[in-house]
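*Asks:* The lines below spell out each chain.
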Amino acid sequence: MKYIEEFRDAAMAIALARTIGHEIEPGRTYRLMEFCGGHTHAIYRYGLPRLLPEAIKMLHGPGCPVCVLPIARVDQAIELARLPKVILCSYGDTLRVPGSDRRTLLQAKADGADVRMVYSIDHAVTLASQQPERAVIFFAIGFETTTPPTALAILRAQTLCLKNFFVFCNHLLTPAALDALLADSPNQGSWIDGFIGPAHVSTVIGTAAYRQIALRYQKPIVIAGFEPLDLLQAILMLVRQLNNRRCAVENQYHRVVQDSGNRLALDYMAQVFCQRDTFEWRGLGKIADSALAIRPEFADFDAERRFPLPERPSREHPGCACPAVLRGQLDPANCKLFAVTCTPANPLGACMVSAEGACAAVYAYGRQPIRVPL
Amino acid sequence: MKIPQAFPVTHPMRIELVHGAGGRASAQLIDQVFLRAFDNPLLQQKNDQARFDVASKRLVMTTDAHVVSPLFFPGGDIGSLAVHGTLNDIAMAGAEPLYLAVSFILEEGLLLSDLKRIVASMARASMAAGVPIVTGDTKVVERGKADGVFITTSAIGTVPEGVNLSANQARPGDQILLSGSIGDHGVAILSARDSLGFSSPTRSDSAALHGLVKQMVSQVPTIRCMRDPTRGGLATALNEICQQSGVGMLIDEQAVTIGPAVQSACELLGLDPYYLANEGKLIAICPAPEADRLLIHMRAHPLGQGATRIGVVTADPQAMVELQTAFGGIRLLDWLNGDPLPRIC
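Note that the protein sequences, when read in sequence, are chains A and B. Quick note, the numbering used here runs 4 ahead of the 1-based positions in the first sequence. Quick note, the numbering used here runs 55 ahead of the 1-based positions in the second sequence.
None of these hints come from the bench; they were simulated from the model. Just so you know, not all the hints are guaranteed correct.
[Claimed, not checked] BS3-like mimics (lysine-lysine), calculated; alpha carbons at most 27 angstroms apart, straight line: (1) A/Lys-113 x B/Lys-200; (2) B/Lys-194 x B/Lys-171; (3) A/Lys-61 x A/Lys-340; (4) A/Lys-89 x B/Lys-200; (5) B/Lys-171 x B/Lys-101.
[To be verified] Computed list of chain A residues with no C-beta within reach of chain B, every gap over 10 angstroms: (6) Pro-232; (7) Glu-320; (8) Ala-337.
[Stated by the list, open to error] Which bits of chain A does chain B cover? Going by a derived footprint, with three or more residues having C-beta under 8 angstroms, they are: (9) 14 to 24; (10) 44 to 51; (11) 119 to 128; (12) 364 to 370.
Where is the CB? At the ideal position from N, CA and C, for every residue including glycine.
Work out the full structure: start from the sequences and follow the hints.
*Replies:* This is the structure in C-alpha cells:
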C-alpha cells in the first residue's frame with residue numbers, strides 16, 4: 005500500500021462516477037460545496053468535472069488559507085519584515101501574496117528585508133536560537149492544520165527561554181467560517197445542498213466539530229481525503245444522504261480522520277491560543293469567533309504585542325467578485341476580471357492568489373474548450 | 056630547516072582574495088587546480104584564448120551560468136552540472152559539441168578541497184563527453200558576495216549536414232517523444248537541502264545528451280526540434296515550443312514517467328513534477344511517420360532507455376498545452392507561475 009496510486013485508480017474512478025450517475029434522481033441537481041482549497045485543486049487537477057454527471061454541480065468554498073488572508077495583514081507582515089534586525093519567516097506560498105499596491109514579501113526581500121521561506125516553523129525557532137541578536141518573527145497562517153505546529157513552536161521557544169522568537173498569528177477556525185458562510189444570507193445556505201468537509205483540518209478537529217452545523221442548517225457533510233477516489237466516494241455518499249433526506253456528518257477519510265480528532269494537537273492549541281472576538285477574512289469580511297490569538301500567558305512571543313502595528317484598512321479591487329466566488333455563489337469564469345486583468349501572475353482578488361484558490365484552479369486547469377481525447 | 060607555516064597543517068585551506076588578484080597566487084591556483092585537472096594541449100598553451108581549426112561551416116555556440124545550492128547533491132555537483140548543461144544546449148540543435156570554455160566566480164572562504172572536488176568532477180564530465188575545456192578564467196569576490204562558487208560554461212559545436220532543428224518548426228500532427236522520467240533532478244536538489252529535513256533515494260539525472268542526440272539525428276534527420284526540460288520542467292519546455300511554433304499540444308499523462316520517489320516527494324511537499332527541473336532528459340518532436348523508428352533508436356541508447364511517446368502537436372492559435380488525465384479528463388498544463396513554492400497545507 006503506497007497510499008497514492010491506489011486512490012487514483014482510473015477504472016475504479018470511472019466505476020464510481022457511473023454509480024453516482026445511476027443513483028442521482030432524475031431532474032434533480034446536487035449542488036455540493038468542497039470547503040477546502042486542496043479539494044478544489046484536486047477536482048480540477050484530475051479532471052473530475054468531466055467525469056461527473058451534469059446533475060452534480062461542484063461549488064468551491066473559502067477554505068484556502070492564503071486566499072482569505074486580508075491585505076492589511078500582508079501589509080503588516082511586510083512592515084514587520086522591514087524593521088531593523090528582524091528576520092521574517094513563513095511558509096512557501098505566503099511569500100507571494102500581494103498586499104496593498106501589489107507588494108509582496110518576496111519583493112520586500114528583494115528590497116533588502118530579511119525574509120526567509122521555511123518548510124517547518126521549527127526551523128524558525130532554531131534560527132532564533134542560533135541568532136540571539138536578531139528578532140525572528142514567524143508569519144503564521146492557516147486553518148487548524150498548521151495551528152498545532154505553531155503552538156508547539158511557541159512552547160519550544162519557551163522551554164529554550166528564547167527572547168527573540170515571535171509569532172504573528174493569523175490562524176483561522178474552519179467550523180466558524182462554515183457557520184458564517186451559511187448564516188450570512190437571508191435564505192440560509194439555499195444555494196448549497198451539501199458539503200465535502202476538509203481532509204487535513206479534520207485530522208485535527210475530528211468530525212464531531214461539524215455536527216452542529218449539519219443539524220442547524222440541515223446540510224449533509226462528508227469528510228473526504230484529497231485523492232480523486234476519495235472525492236468521488238464522498239460525492240456518492242452525499243448523493244445517497246440527499247436522496248434519503250438525511251443530513252449527517254459522515255467520514256469518508258476514516259483511514260486518517262478520527263471522530264474525536266487529534267487530542268494531543270487540540271490540547272496544545274488550547275494551551276497556547278484563545279479565540280479572537282472577530283477577525284477579517286479576505287472576501288468574506290468580519291467573522292465572529294473565527295480566528296485565534298496567542299494567550300496572554302505567552303504574550304512575550306506575540307509579535308502583535310511586541311511590535312504594535314497600526315490597524316490598516318484593506319482595499320479590494322472594486323470589480324472583484326471574490327466575495328461571491330468564495331461563497332460558491334458565482335462561478336470563477338463568470339467574474340468579469342477572470343483571465344482578463346486577474347491572472348495567477350497578476351492576481352487582483354483573493355481566489356486567484358494561491359494555487360488552491362477557486363479562480364486559480366479554474367485558470368490553471370480548466371479555462372480551455374474541451375477537445376476530443378487522444 | 057623547519058618551514059614556517061601560516062596556519063597549522065590541520066587548518067583547512069580556503070580561497071582568498073589574493074587567488075583572484077592576478078599575481079603568483081592566481082598562477083599557482085590555475086596551475087595546480089585547473090590545468091592539472093583539465094589538462095589538454097590547447098589549455099597548456101596558457102594563452103588568453105584557444106585557437107583551433109574547424110571543418111564544418113555550420114557552428115552553434117551557447118553559454119550557460121550555473122548557480123546551485125547545495126554545491127554537491129546526489130548524482131552530481133555544480134561542476135558536472137556546468138559541463139552537462141552547456142553540452143546539452145549545444146546538443147539540442149542536433150549539433151556535436153567541440154570545445155568548452157569555463158569561468159569561475161569564487162567566493163572568498165570557499166574550501167580549496169571543495170573547489171578541487173568540483174574541478175575534478177568537471178574534468179571527469181568533460182573527459183567522458185569527449186569535449187575538452189580549452190580556455191577559462193577565474194575571479195574571486197569577497198565573502199558574502201557569492202554563494203561558494205558560480206560557474207559559467209560556454210561551448211561551440213558543429214551541426215551535421217541536413218540537420219536543421221528549431222523550436223519554431225513543430226507542426227500539427229507531429230509526435231512528441233520524451234527520453235525518460237521527469238522531476239529527478241529537482242527532487243535530488245530539494246532533498247540535499249538541509250532545511251528540508253527529508254531524504255530521498257532520488258539522484259539527479261544530470262548527463263550529457265549529445266551521444267543520444269547524435270544517434271537520433273543520424274537515424275532520423277527530419278526531427279523538427281529538441282529541447283531539454285531544465286528549469287521550469289517539462290510543462291515550461293512544452294509551452295515554449297508551442298509558443299515558438301504557434302501550435303498546441305495534447306499530452307497523455309499516463310505516458311509521462313514519474314518515479315515513485317519523485318512522486319512521493321512531490322505529494323509531501325505540494326510540488327508538481329511537471330514543473331521540476333531535469334538535467335539529463337530531452338523532448339523531441341518529429342513528423343508522425345518517423346515516431347516509431349525514432350523511439351526505437353532512443354531506447355537503444357542508455358540515456359534514452361525510458362523514452363516514451365507522450366503526445367501529439369495540435370492546431371491551436373492560443374498555443375496551449377493540454378493534459379489528458381488518467382481518467383480521460385482534459386486539463387490545461389500551464390506555464391509555471393512564479394517559483395514552484397511548497398503549499399501550506
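*Asks:* None of the hints should be skipped; say for each whether it holds.
*Replies:* Each hint, compared with the structure:
1. A/Lys-113 x B/Lys-200: 16 angstroms, holds
2. B/Lys-194 x B/Lys-171: Given that 27 angstroms is the threshold and the Cα spacing comes to 16 angstroms, the pair holds.
3. A/Lys-61 x A/Lys-340: Since the Cα atoms of A/Lys-61 and A/Lys-340 sit roughly 21 angstroms apart, the hinted pair holds (cutoff 27 angstroms).
4. A/Lys-89 x B/Lys-200: 20 angstroms, holds
5. B/Lys-171 x B/Lys-101: Distance ~20 angstroms between B/Lys-171 and B/Lys-101 Cα, so the pair holds.
6. Pro-232: A/Pro-232 not clear of chain B: closest Cβ-Cβ about 7 angstroms, inside 10 angstroms.
7. Glu-320: The assertion about A/Glu-320 holds, with a minimum of 21 angstroms to chain B.
8. Ala-337: Given a closest Cβ separation of 13 angstroms, the condition holds.
9. 14 to 24: holds (count 3)
10. 44 to 51: Holds: 4 residues of the region 44 to 51 of chain A have a Cβ under 8 angstroms from chain B.
11. 119 to 128: Three-residue rule met by the region 119 to 128 of chain A, so holds; n is 5.
12. 364 to 370: holds (count 4)
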